[in-house]
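Two chains, two separate frames, one set of hints: put the complex together.
Letter by letter, the chains look like this.
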Amino acid sequence: MPRVSFEHITKTYGQVQVLDDLNLAIDDGDFLVLLGPSGCGKTTLLNLLAGLLDVTDGRIMIGDRDVTDVDPKDRGLAMVFQSYALYPTKTVHGNLKFGLAASKLPREEIEKRIAWAAKLLQIEPLLNRKPANLSGGQRQRVAIGRALVKNVGVFLFDEPLSNLDAKLRTEMRLEIKKLHDTLKHTIVYVTHDQIEAMTMATKIAVMNGGVIQQFGTPDDIYERPANLFVASFIGSPGMNLRPAKLAVGGGKVEAVFPSGVRFDVSDYNFVAPPKDGEDVIAGLRPEHFLVGAGDGAATFDIPVQYAERTGPDASAYFNFENELLALRVDPDIAARLKPGEHATVRYLRGKANLFDARSGQRM
Amino acid sequence: MSEITIAARNAKGEVTVSRAPYFPRKKKTITGRSIAVLVFLALCALFFCIPLYVVVVTSFKTMDQIREGAMFSLPYVWTLEAWDHAWNSACSGINCNGLKVGFWSSVSILIPSLILSIGISMITGYALALWNVRWAGAFLFILFICAFVPFQIIMFPLISMTAALKVYGSIWGVALVHAVLAMPVLTLIFRNYYKDIPQEIMSAAVMDSGSFWRIFTEIILPMSGNILIVVLIMQITSIWNDYLIGVTFGGPGSQPMTVNLANLITISTGVTRYNDNMAAALLTAIPPLVIYFFVGKLFVQGITAGAIKG
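Chains as they are written, first to last, in full-length UniProt numbering: chain P, 1 to 363; chain R, 1 to 310.
With the rest of the complex left out, here is chain R (with noise of 0.2 Å):
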């Protein structure tokens, strides 16, 4: 606490001081508990940087360096000849096409089960945010129940319903359980979301079309740009990683990117070629950054855009 001075006229027309305390707004200095909080949140940061650095000087490397054995040194020649042949031509099991044959087909799994995931689940938060349907509070209990059911318990009989659908083995088999395993959580955040809007513009729309399908495309649809951005990164990434559910219900041919990577580095014969498999993990790591990259400013506003403006 200090002390100010304040001048002022008073009604004679003379100057008098007068002095008040005031409280003047703390300094920011360095404490031991600041100091703390940084070398606890720089160790949380090297706690992943070593690995990935080690990773990625790894895949740079020639297997004559990494036999050396300095993991930490970096690469005397910098070559991209594990990359090249991570890409295309590492074997997995008796396949030497490399990882290009997993990326397609974990792009060619991505796509129906971003629409399929991201579809049903939309229009189910959809109706029941904004349309009277019977039972809703039961049913979003129970999506929310459903929501923390492991995946392996359920994994069985999973197997035996897609082998009914015939769909088992194929992309669809693999697209339709992302989709169903996805729909509790994403039900839960478009219904959330869509609470938001208004009723009166909901009213409104009900009295000028009624229509359940027009409301949704011509009004609600436009007006879910935010929250579409953070479910498809979600989703993505997830998708992306997965590996058990592309390993159960992918047959030959349409296991994705993650399953062919565990199969280059486990089944390879002869020599560990620890470059190969640095650049091929790398490789599978990278579509879900590069979305990050991209639309990373998007996905902090549509997490925080909270209710819709008109």
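The following block holds chain P by itself, in its conformation from the complex (with noise of 0.2 Å):
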């Protein structure tokens, strides 16, 4: 299984500039993730990937093989789209057998490979049906085996989950997950939706305005995030993100919120050492708050504004400094939080992240 990797790729679409000296290298057997909101650019990185689209410049090398202007056929890809884009003429068998048929395969070899893929997906009894009589999770299904039986090293994914719904959303993502797993391919997925980044990626680029933000695992994602954009962008509710000022003295480091909040951060791994009186943008996580005193890198006593239970998990919101906190707590807990009453919250030490108010970079 190959290594991808993009070299100073630059995409322009007449005047506008898309992608902008992009670099990023997915290893042998990684699960990359694409992640990004609309027109960040992610598609159009995957379609470069696959020759779909021209690059302006740069170099896109799959293994030791330099692909940049190589036929989207010949690379060694296989694709699934959103669309599903199944051939609608031909039977499920027909779609599968394409592929192959052109690649000039002996037809044992290709009839072993479509029933060997039929097997695994579990599509066997839908293999004379036409797509137009397939169910969604049907379609996606073929979709996949048609790029299974290429046997290539690398598999493209563009937001193939998008048109599920919820629950076959789920059921599928845990089978391209368990795919992987068995089959290690390399395999780049775009994707808006942060769950399923989060839950099948073994490697995140959060992209936004054509750059990658941040290129690291989930938990490095979601724990550390790069930036102010990264830190907004994953998790729901997302990060709370609070305007403070750093004081440093007394062998210890805080952060001071207008309000007049002190929190420690004496814990935080600071990449510089931190200055006094310097701003900064605090990103606290509605996961690390926890209701009632003790002890606690800051405790806030402050009104509910009102609580809200999504079946096995509640958020909490107060009112702090004139705006909304978002708090993860316990159903039992939510339930007794009455909105206009003030509560006690604090704040695990040692989870607490801090971004440069001027560049929006961790510190």
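Incorrect hints may appear among the rest.
Partial list, derived from the structure: chain P residues whose beta carbon lies under 8 Å from chain R [what the hints assert, rightly or not]:
#1 L77
#2 M79
#3 Q82
#4 S83
#5 T89
#6 A102
#7 L105
#8 P106
#9 E108
#10 W116
#11 F257
#12 G260
In case anyone wonders, no lab produced these hints; they're calculated from the structure. These numbers were taken from a predicted model, which means no experiment stands behind them. Every residue, glycine too, gets a C-beta built ideally from N, C-alpha and C.
Shown next, in the form of structure tokens:
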């Protein structure tokens, strides 16, 4: 299974520059998710790798091969599309076969591979049906099957689950994850759904405005976001981002909020030594709050705005400095929080994120 | 506007009745306007039907009855004599073999013309719609302009061109000119139809095979059924009914039925045999009608079918 790398990729459409000097390397067997909001260039990047678009400048390598100017079919890739893109006039069998017949493989080999993929994806009973007679989930399986039979090292997925309902999406998510665990292909997967990214990826590249904001494991991205964009993009409810000033002295480093609440960040891993009076943005994950007094980096005594329950989880929103502060709480605690009443909440030690207020970068 | 009563139970369980205005649907009535429309449509229908009636009844009459002059009367004796004569032994010029000569040469013009004109414009449309063709926009614009060039303007240059290609005066000459003249409109039709094929299907095909012809024959052609029927009917009708191209580019023996018909009617000596002429005209008009009867339903489906759903 080859390694894929993008080297100094630039892509312009007329006057519009979509990607500028982008570098990214995907290790052999990695499940890379390109994550970002609409229009961030993630699909463009995928299409460049697939060869459906031409790069303006730069080089794409698959294994040791420079594929920048190689035809799509010769790149050793298989792709699953958002709308499945099954050939409507061919049966499922014909759909799986088309890519193989074009590669002039012997017939027994073709039939063997189709049988293998059909078994793996449990679409054997559907082989003689036309795509119009399949449900969304079945079409999705066929589309994946069409990629699998090609027996290539690199798979590309372009938002493959976005046309499915919530239940099927969860099922297919697990299935794709399972396929990757068994077959160990290198996968590049484009999505705007952070749940998909967090659950399936071994590596995530968060993109915005054609620039890779952060590249790392899902844990890295979630626990140690590199900048304000990543911090706010990942997580639901999102990270609470609040301006504060650093106070260094007496062997302690504290972030002081405008209302005077002091937040102890002595245990924070600063990249550069903290300076007194520096403007920062404190990023506080909703799930790192605890309701009730006790030991913590900071204690807030603030009024409840409202609480909402989403099945096993509950979110509570407090008013802190006239803005909402989101907390993840236990459902039974949420039931006891009455809007308007004050409650004491504390924040766990060692879990805070600090960003430079000017550059937006992690400190 | 009228009122409707609404009964409901309130919290105490008592039934309360309230009234609300409602707007009844307008009933369909015959108005002056709809009568005017009906009369107009009926006149339009008569405009076509009366001459057709005369043609049909005349073709079944004997010459004796025709000489009496009562155009609208039904035949005293229904006879197929005129039809037989027109088909088998009517004279056009010195040949007295009837219309059947023209019929078969029309058929032999029709088939290569259809294949050539539809084949060329289908593939051009496919390339323009689904592949990155340099200057595709400019090419389409030129095609669009060409669709408005009257045939008569380019007739003489076309004659010398087909003569240079050594196809002038043969069935192939006629077929070639039909293909060339139909290409602008047909290419636009095919191109617009193929434009509706989802881009992702094309991307998938390009990644699977990448071959222009393979994708066309295996993926695109099977998806073209609807539009093929529409174009087929259009082309059959226009090629069959064509006179000018046939008379100009077809040599002796390769002139279509329409030319045969015209000769038969204009170059006969002696009395004008109206019944023969009418039967001959009807015989010439029948083939496209038959096509319409058989595939008319598919034609409508083909026109209304829009995008191709997967």
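Next item on the list: Have a go at the P/M79 hint: is there a Cβ in chain R nearer than 8 Å to its own Cβ?
Entry: This hint holds: P/M79 lies near chain R, its Cβ roughly 6 Å from the closest one there, short of 8 Å.
Next item on the list: Identify whether the interface hint at P/E108 stands, where standing means a beta carbon of chain R within less than 8 Å of its own.
Entry: 20 Å, violated
Next item on the list: Against chain R, run the beta carbon of P/S83 and see if the smallest gap drops under 8 Å.
Entry: 5 Å, holds
Item checked: Hint validity - P/L77 Cβ closer than 8 Å to any chain R Cβ -> With a closest approach of 7 Å, the P/L77 hint holds.
Notebook entry, point to check: Hey, does the P/A102 contact hint survive, CB to chain R under 8 Å?
Noted result: Hint holds; P/A102 Cβ to chain R Cβ min 4 Å, cut 8 Å.
Note to self: Under 8 Å is the threshold here; is the Cβ of P/Q82 close enough to any Cβ of chain R for the hint to stand?
What the structure shows: Result: holds, 7 Å to nearest chain R Cβ.
Check: Regarding the hint that P/P106 lies at the interface with chain R, is the smallest CB-CB distance below 8 Å?
Finding: 17 Å, violated
Next item on the list: With a cut-off of 8 Å on the beta carbons, see whether P/F257 makes it to chain R.
Entry: 50 Å, violated
Check: Regarding the hint that P/W116 lies at the interface with chain R, is the smallest CB-CB distance below 8 Å?
Finding: 18 Å, violated
Checklist line | chain R contact restraint for P/L105 - C-beta distance below 8 Å | finding: At about 13 Å, which exceeds the 8 Å cut-off, the nearest Cβ of chain R leaves the hint on P/L105 violated.
Check: Per the CB criterion, is P/G260 less than 8 Å away from chain R?
Finding: Result: violated, 52 Å to nearest chain R Cβ.
Check: Should the interface hint for P/T89 be scored as holding, given a Cβ-Cβ cut-off of 8 Å against chain R?
Finding: Holds, because the Cβ-Cβ distance from P/T89 to chain R comes to roughly 4 Å (cut-off 8 Å).
The structure shown violates the earlier hints numbered 7, 8, 9, 10, 11, 12.
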